[in-house]
Amino acid sequence: MEFETVIGLEVHAQLLTRSKMFCGCSAEYAGAEPNTHVCPVCLGLPGSLPVINRQAVVSTVMTGLALNCRIPPYSKFDRKNYMYPDLMKGYQISQYDLPLCVEGYLEFQHDGQRKRVGIRRVHLEEDTARLVHRTWNGTGYSLVDVNRSGVPLIEIVTEPDLRSPEEARAFLMALRQVLRYLGVSTANMEEGAFRCDANISQRSLDGSVVGPKVEIKNMNSFRSVERALAYEVERQRSALRRGEPLVQETRGWLEDQEITVSQRTKEYAEDYRYFPEPDLPPIFLTETDLVEIRARMPELPLTRFERFVRDYALGAAEAGLLTEERAVADYFEACVQGDREIARQAANWITGELFALMRERVVDIDGVGVRPGQLRQLIELVRRGTINALTAKEVLVAVSETGQDPDAIVAERGLAQVSDEAQLRAVVQRVIEQNPKAVADYRRGKGAAIGFLLGQVMKDLRGRANPAVARKLLEETLGAPVE
Amino acid sequence: MSEDLTRLTVTEASARLARREISAVELLQAHLERIRQVEPQIHAFITLTEEVALAQAQEADRRIARGDVAPLTGIPIALKDVLCTVDAPTTAGSRILEGFRSPYDATVVRKLREQGAVFVGKANTDEFAMGSSTENSAYGPTRNPWDLERVPGGSSGGSAAAVAAGEAMVSLGSDTGGSIRQPAGFCGVVGLKPTYGRVSRYGLVAFASSLDQIGPFGRTVEDVAIVLQAISGHDPCDSTSVDVPVPDYQTSLTGDIRGIRIGIAAEYQVPGMDPEVERVVDEAVAELQRLGAEIVPVSLPHTKYALATYYIIAPSEASANLARYDGVKYGLSLQGETLLESYLQTRGRGFGPEVKRRIMLGTYALSAGYYDAYYVKAQKVRTLIKRDFDEAFEKVDVILAPTSPTVAFRLGERTADPIQMYLSDVFTIPANMAGLPGIAVPCGFAHGLPVSMQFMGRPFDEGTLLRVAHAYEQATPWHRAVPPLIEAVTRRAPSGGTE
Numbered sequence: 001m002e003f004e005t006v007i008g009l010e011v012h013a014q015l016l017t018r019s020k021m022f023c024g025c026s027a028e029y030a031g032a033e034p035n036t037h038v039c040p041v042c043l044g045l046p047g048s049l050p051v052i053n054r055q056a057v058v059s060t061v062m063t064g065l066a067l068n069c070r071i072p073p074y075s076k077f078d079r080k081n082y083m084y085p086d087l088m089k090g091y092q093i094s095q096y097d098l099p100l101c102v103e104g105y106l107e108f109q110h111d112g113q114r115k116r117v118g119i120r121r122v123h124l125e126e127d128t129a130r131l132v133h134r135t136w137n138g139t140g141y142s143l144v145d146v147n148r149s150g151v152p153l154i155e156i157v158t159e160p161d162l163r164s165p166e167e168a169r170a171f172l173m174a175l176r177q178v179l180r181y182l183g184v185s186t187a188n189m190e191e192g193a194f195r196c197d198a199n200i201s202q203r204s205l206d207g208s209v210v211g212p213k214v215e216i217k218n219m220n221s222f223r224s225v226e227r228a229l230a231y232e233v234e235r236q237r238s239a240l241r242r243g244e245p246l247v248q249e250t251r252g253w254l255e256d257q258e259i260t261v262s263q264r265t266k267e268y269a270e271d272y273r274y275f276p277e278p279d280l281p282p283i284f285l286t287e288t289d290l291v292e293i294r295a296r297m298p299e300l301p302l303t304r305f306e307r308f309v310r311d312y313a314l315g316a317a318e319a320g321l322l323t324e325e326r327a328v329a330d331y332f333e334a335c336v337q338g339d340r341e342i343a344r345q346a347a348n349w350i351t352g353e354l355f356a357l358m359r360e361r362v363v364d365i366d367g368v369g370v371r372p373g374q375l376r377q378l379i380e381l382v383r384r385g386t387i388n389a390l391t392a393k394e395v396l397v398a399v400s401e402t403g404q405d406p407d408a409i410v411a412e413r414g415l416a417q418v419s420d421e422a423q424l425r426a427v428v429q430r431v432i433e434q435n436p437k438a439v440a441d442y443r444r445g446k447g448a449a450i451g452f453l454l455g456q457v458m459k460d461l462r463g464r465a466n467p468a469v470a471r472k473l474l475e476e477t478l479g480a481p482v483e
Numbered sequence: 001m002s003e004d005l006t007r008l009t010v011t012e013a014s015a016r017l018a019r020r021e022i023s024a025v026e027l028l029q030a031h032l033e034r035i036r037q038v039e040p041q042i043h044a045f046i047t048l049t050e051e052v053a054l055a056q057a058q059e060a061d062r063r064i065a066r067g068d069v070a071p072l073t074g075i076p077i078a079l080k081d082v083l084c085t086v087d088a089p090t091t092a093g094s095r096i097l098e099g100f101r102s103p104y105d106a107t108v109v110r111k112l113r114e115q116g117a118v119f120v121g122k123a124n125t126d127e128f129a130m131g132s133s134t135e136n137s138a139y140g141p142t143r144n145p146w147d148l149e150r151v152p153g154g155s156s157g158g159s160a161a162a163v164a165a166g167e168a169m170v171s172l173g174s175d176t177g178g179s180i181r182q183p184a185g186f187c188g189v190v191g192l193k194p195t196y197g198r199v200s201r202y203g204l205v206a207f208a209s210s211l212d213q214i215g216p217f218g219r220t221v222e223d224v225a226i227v228l229q230a231i232s233g234h235d236p237c238d239s240t241s242v243d244v245p246v247p248d249y250q251t252s253l254t255g256d257i258r259g260i261r262i263g264i265a266a267e268y269q270v271p272g273m274d275p276e277v278e279r280v281v282d283e284a285v286a287e288l289q290r291l292g293a294e295i296v297p298v299s300l301p302h303t304k305y306a307l308a309t310y311y312i313i314a315p316s317e318a319s320a321n322l323a324r325y326d327g328v329k330y331g332l333s334l335q336g337e338t339l340l341e342s343y344l345q346t347r348g349r350g351f352g353p354e355v356k357r358r359i360m361l362g363t364y365a366l367s368a369g370y371y372d373a374y375y376v377k378a379q380k381v382r383t384l385i386k387r388d389f390d391e392a393f394e395k396v397d398v399i400l401a402p403t404s405p406t407v408a409f410r411l412g413e414r415t416a417d418p419i420q421m422y423l424s425d426v427f428t429i430p431a432n433m434a435g436l437p438g439i440a441v442p443c444g445f446a447h448g449l450p451v452s453m454q455f456m457g458r459p460f461d462e463g464t465l466l467r468v469a470h471a472y473e474q475a476t477p478w479h480r481a482v483p484p485l486i487e488a489v490t491r492r493a494p495s496g497g498t499e
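One line per chain: the protein sequences are C and A, in this order.
So for the first sequence, UniProt numbering puts the first residue at 1; every next one is plus one.
So for the second sequence, UniProt numbering puts the first residue at 1; every next one is plus one.
Excised from the complex, chain A in its bound form (with noise of 0.2 Å):
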């Protein structure tokens, strides 16, 4: 057997493994495989739980035999490794959790589980998902697929080119201001997230408890509807989770978008935007436009202020959700000879720059006598980004933004100057603020590297989101483009599903 199972979709796989043509363990051996290929370079993971994975495998062969087959049944999927599993290390990315294993899954890990999902690993982030190019993580960086020079963007980077390689058919990544979307960019993959409240947060590691959120990536726009689809509903675990129903995604994706107003706003219009990524941005709006839908202008006065506003309010609630990592309970614990030696030293050593730099600033905004001044005015500042948005939805079903100012850019390029670094998100920032659904998909390539688009919607509005990026994606090739590593390695060595 020559071919390679690493390409299939999840679609095709699923309806492979129902009619047993091939098995799960294959399935997941060819992803090992792929891993042992291709991981010591691109390092998206911090932890492989092959172990684990073989006996998920197995388990859900023997659920297949039964007829028992649920959409993500023996489905190889990585988890960003922000995500409490009970089988594996949870670590953020950080060394302050060294060592800790939670003792609870995360409501969407339980969600996957019990559909009778193989994990293959815990996918590299940013130091508590805070970066944007997954170089913050206290592990290692981990390189974009389509050229190992460069970042795959963050900070589920791991995620995004775990999927990008073939090491994972789907993953699971958070966005708190574009950490989903933004490396789903850079890798040439698609990554969704969902409306705040869509996904229970209950086991996601918190950096900003306002604006995370849980979502898929896959290669496909019809595989991160399957993905959405089983993550998605209301926990009582999570009381920002929200209890309406959920629609069946699939029945989106209709291939038609004709009619479907398209905003595009003039504020998406950046200094340092690269005009290779634009034009190619253009182009797909062209295509989008053949494809029947209508291109309406839209203004966003407020979004100019989205990424000051967002370093306001991600980095306080991040100063608090960071306070319990005091060495007490679990994970790094210095001795210090005072109580507050030891905090000092378990922190000082226990969290990245990066990290300590978002703790500070927010503890700052936090800080009596400068809590008004800037954490309530960053408050009032979202209401008007979130305002301008609502007016924009009363005329358009969607808004069309690039996913980022530019292709992926190369590893250390962007470290020494935080605000270049932020700067990577500013247009992926505003749906966070305004709790809106994002999706990014590929749309072309600007110096040989993937560029993405973003399609905003309505809140719990996803399935328009994916009927237009579903109708995209059929009437483009972008999203069967392989990176030249991953075609060297399969040239090289084919894959067949045994050692």
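Chain C extracted, bound-state conformation (with noise of 0.2 Å):
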């Protein structure tokens, strides 16, 4: 029988807001001491009270609209009831049935193809503090850090639309490539800042045998998730085919052992007890809002990378590349300013050469020392022929160490191409009579030879022959070959 799987997926990001979600204290807890962002409110103590930390809302409504969500003029928060040490009141302020933003659906391309996703919901709440959990002389131990208690959280629930694990890992790279296009999470799995939980189930094609809804979790990175849902889809299927029974449950994938392990079955399934969270007031947001949010938001990463193939003629894969993240779409567009002969050497440089450097120095874009102008001041400098292109990567070398302009850098070290005839004659007939072997090849036919004597020519220039005057010079100069 032929199977088909089904996966749903519940995504959590951190937001990145100053504060958190209900207090003043610091949001920015990574690398802090534990226990020192804390206050009253994140803390839960008696008699504290949330304040919803409007910047939040924004970012959430913002990824909303991203998502092609519709934003209910009405919202609340609930309380989420449930006890465990790492939720400070007992409860967790999340949404439960009138969220932020609903109905959405986000596109993206995955093998050369636009598929879309629906959205189910984004809603808003707060993340629970940290446990560590230690052992001493063999007992057992858990420790709490408050710091992540409190941090602004958003959840975006998909509709059952993922068809294989491949897909749900391409999803949740656009999705998180879409959080950190409009600034509002670091979206960074292994941080925790980015966590997803998935629903997988099977059905057959003809629709006669629909299997359970399972959950897994404890999913820890883009890998994982791919790793996991590709396991559970073949235990899925050999029990079906085997005619084994399968539950509705919650399963944990063993990252170690590469495979998902019960935890909880339905009939254990919490009852959380939501209810209107009494001490906030509900969320309205009008049209005025919505417009206000929408202008500050920015173009999104599968808009960008199309009209970059089509207004720049590039290739889909150096879009791709180009449009993966914000900051270097960013610089590309200010080094191009619209100029299109630019934008192909520039997608070169930038994909090529400075990919390099940032791989290099393990810096991003901005940090690469070489800022857009000066780039295009490179490029203009090779297509005026002012320097050449193995020239033209020495200098962008010297701009990012020193922080000069190219111009400023070719000038002072005399970079300069070499394209005056006369000076390059010299040169070459020095190089044709130190070289008689070579000549005598190319002279018996093997044109090859005349590649060999122009790189004796560059070599005596450092580099800076204009290849063109001083092939033809060679050529000039050598006669054409013996047929």
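Hints listed in this document are in silico derivations from the structure and should not be mistaken for laboratory results.
Since the structure is predicted, the reported quantities are computational estimates derived from the model, not experimental observations.
Note that the Cβ used here is the ideal one computed from N, Cα and C, for glycine as well.
Mixed in with the good hints there might be a few duds.
Only pairs whose alpha carbons sit at most 27 Å apart, straight line, appear in this in silico DSS-like list of lysine-lysine [what the hints assert, rightly or not]: (1) K76(C) x K304(A); (2) K446(C) x K472(C); (3) K437(C) x K459(C); (4) K393(C) x K459(C); (5) K380(A) x K76(C); (6) K437(C) x K472(C); (7) K386(A) x K76(C); (8) K304(A) x K377(A).
A short list of chain C residues far from chain A (calculated; beta carbon distances all over 10 Å) [what the hints assert, rightly or not]: (9) R227; (10) A239; (11) R273; (12) D279; (13) L285; (14) A317; (15) V382; (16) M458; (17) K472.
The following label-pair restraints were derived from C-beta to C-beta distances [as the list claims (entries may be wrong)]: (18) P271(A) x N35(C): 43 to 51 Å; (19) L131(C) x A373(A): 33 to 41 Å; (20) D364(C) x E98(A): 52 to 60 Å.
Work from the hints to combine the two standalone chains into their complex.
Okay, here's the thing in structure tokens:
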């Protein structure tokens, strides 16, 4: 029997706000001493009350708009009740039946095709504290770090529109890209700022068999999402084929063993007893609010990708590389300034030399030390023939190291290309005299020998020779090869 | 000096402090002396903060010497022990908060501190303000200064008794279903529950968030107005506090209520009503008419559902509000073999039976499959109750009702029957459900015990409540009555403010 996989995702992303969701504590707790970013509110002390962080609401709505969601005019917070030592109040302030954003979708490129995945909802809630489990003299104990408690968190729930683990991974990467473009989240999965749970089931193509939905947790990287889901596809399919029972349950991915194991079955599902948060007023959003938020949104990745392909005549792969990060795309456009001719060269330079420098120095494009205007100047120098491509690479490195403009470096170091025929002819003459074997080879019809001679000319001029002029002079001087 | 300074009102004491006829330390000493005399019998306080008070009184005297006098500078105040204070433990009347000290002051506490008030102690309360008699305090019951065999009412019984006994000049309580007005009534003092949103709840240990309000107790309406003035106003830390201007309440106290329309609802005649109480309240109504008020019958048809609705909404909210007491972070912490065992032991021993009952009620009402039938329905009824009041206030300026159906009952009389206990709040709960302000004023005696009537008003119209209550008070002698116990100790040992 042929099966189809059905996957829906629940993604949590921490928002990049200055303060926490309901108090004034700094939300930037990474690397901080445990329990230093805390106050009565995020500690859940008796008598403390939450106050809504407006910026978090704006970021959530912006995310919803980017995901083509409908933003209802009325939204509210609810209490999700459960007890655990990482939950300071014994309930999490979340959103239940009236989330900030509903009914959207995200389109992205996968396998050269445009794929659309429905977004059921995006809601805003608070993160929990972090538990650190230790052992001392053979006895386990746990520590609580409350710094993370109350950091704003959005939950994005998709429709069950994904059909394979690879597609799920591609969706997650596209979603991460959107969040990063908006600047609302670092969406860093390894740091826990971007977390994903998945619901996965199988159904037969003829619709006669529908397997139960299994929730997969504890996937901490894009790779583990794909691996866990692939494992689960196989586990569920082989059970269905063998007629073994499958149950609706929650399973955890064990990274080291590369398997999923049952954590909780449906009968033990928690009743969270949601009810409206009485400490907070509802949120009303007007059309004006939405217009204002929309005005602050950048162009989104897929739109930009398509525009790059269209307006700059770039290939899909190149446009993809350039739009993967907003900062790179911004850099590209700042350099090109609408000039299609420069675009081709700029794309080459950025995806080639600059990316190499970024990798080598482990910096992002803003830290590489070459401003977009400087790259543009460099491209102009090559285009005008002032320097050749080889020298240009040297100049680029010099710009990144010194911060000086390419013009200045070329002038100061005398790197301008030698196109003067008299000067070049003298060098050509000398090279021909010093390399009789190559000359003989050339005259015997080994055309490739001219490359060697050209190299010698370049070497003599420390790479500054205008290659076209030098070749012309070499050919003139040597005459036509003997057939 | 043989004068009893504990008999002064805030207005009188404040004037004499400003003129430097008395010092804040003397005023405090008089109250400490009273505490020494009667506290062993009354037990109005969970924690007495004599040293804090003394330092505050000395500071108040320095302020007064500089001419920097606020209305409550040097005034001895009791704080219900559900208000967070940095300089004393906050127990909420519960074992589960044993040893807990708040690292921050409640907003109302901060406001009083800024005025230079003197905190004599943390007043006794039913555990987490759940109760109507203060018998649910884990630290023992408070007794009524008018009759030590009787309860002072609750949950703010300590705050009411302290003021009635002269252990504090004024006090703060909290009112979720009547917890200020009912004990004010039982103890023969004035108590006001402000409009929901008038006073910040930041730092009030939460019972039912959508109903809780902090409010003052005093022996006169004017004293209550002064304290209300001090604690009112929007607080950025409490999103449910409303940003509307706070009027000058003392200017409301004109003494003139001619033409005021007072509504009386037929629905406030309930079975179980003590006929003596009814008679006293009827006399008060007649007095109000003599003062020029117009009595208008109104109808509040859904008010009969208020009590039942309250016992869905308040426990539901409480079940969540009390989930944080898990023994992990502060207060009582008992270790079990597993996390669940630790929770069960800590909460099992930390909470008293009434608190457990309400957590179970609320947890049940919010559970899957019951939520719509209970919580959602209760919210709908709440809207209807509110609508009744809106309609009534189109015809009248205030609504009058007895504060409680009976006078103070005996200790232990209702502890075995929660429903009987709950019924003592039948007249006070509707104002909480509708978020309206209510004031309880002494209006006579029945069976030798204080009887109280209640005025409810439009949202944020505390001014009219104070005006009506004040006019009545000034025309009647009830606020000058002193519990026999206090008369006795005053005669026995004239308080002079020194040891």
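Results of checking the hints against the structure:
{"no.": "1", "hint": "K76(C) x K304(A)", "verdict": "violated (30 Å)"}
{"no.": "2", "hint": "K446(C) x K472(C)", "verdict": "holds (17 Å)"}
{"no.": "3", "hint": "K437(C) x K459(C)", "verdict": "holds (18 Å)"}
{"no.": "4", "hint": "K393(C) x K459(C)", "verdict": "holds (16 Å)"}
{"no.": "5", "hint": "K380(A) x K76(C)", "verdict": "holds (17 Å)"}
{"no.": "6", "hint": "K437(C) x K472(C)", "verdict": "holds (20 Å)"}
{"no.": "7", "hint": "K386(A) x K76(C)", "verdict": "holds (21 Å)"}
{"no.": "8", "hint": "K304(A) x K377(A)", "verdict": "holds (15 Å)"}
{"no.": "9", "hint": "R227", "verdict": "holds (31 Å)"}
{"no.": "10", "hint": "A239", "verdict": "holds (29 Å)"}
{"no.": "11", "hint": "R273", "verdict": "violated (4 Å)"}
{"no.": "12", "hint": "D279", "verdict": "violated (5 Å)"}
{"no.": "13", "hint": "L285", "verdict": "holds (17 Å)"}
{"no.": "14", "hint": "A317", "verdict": "holds (51 Å)"}
{"no.": "15", "hint": "V382", "verdict": "holds (59 Å)"}
{"no.": "16", "hint": "M458", "verdict": "holds (71 Å)"}
{"no.": "17", "hint": "K472", "verdict": "holds (78 Å)"}
{"no.": "18", "hint": "P271(A) x N35(C): 43 to 51 Å", "verdict": "violated (56 Å)"}
{"no.": "19", "hint": "L131(C) x A373(A): 33 to 41 Å", "verdict": "holds (37 Å)"}
{"no.": "20", "hint": "D364(C) x E98(A): 52 to 60 Å", "verdict": "holds (53 Å)"}
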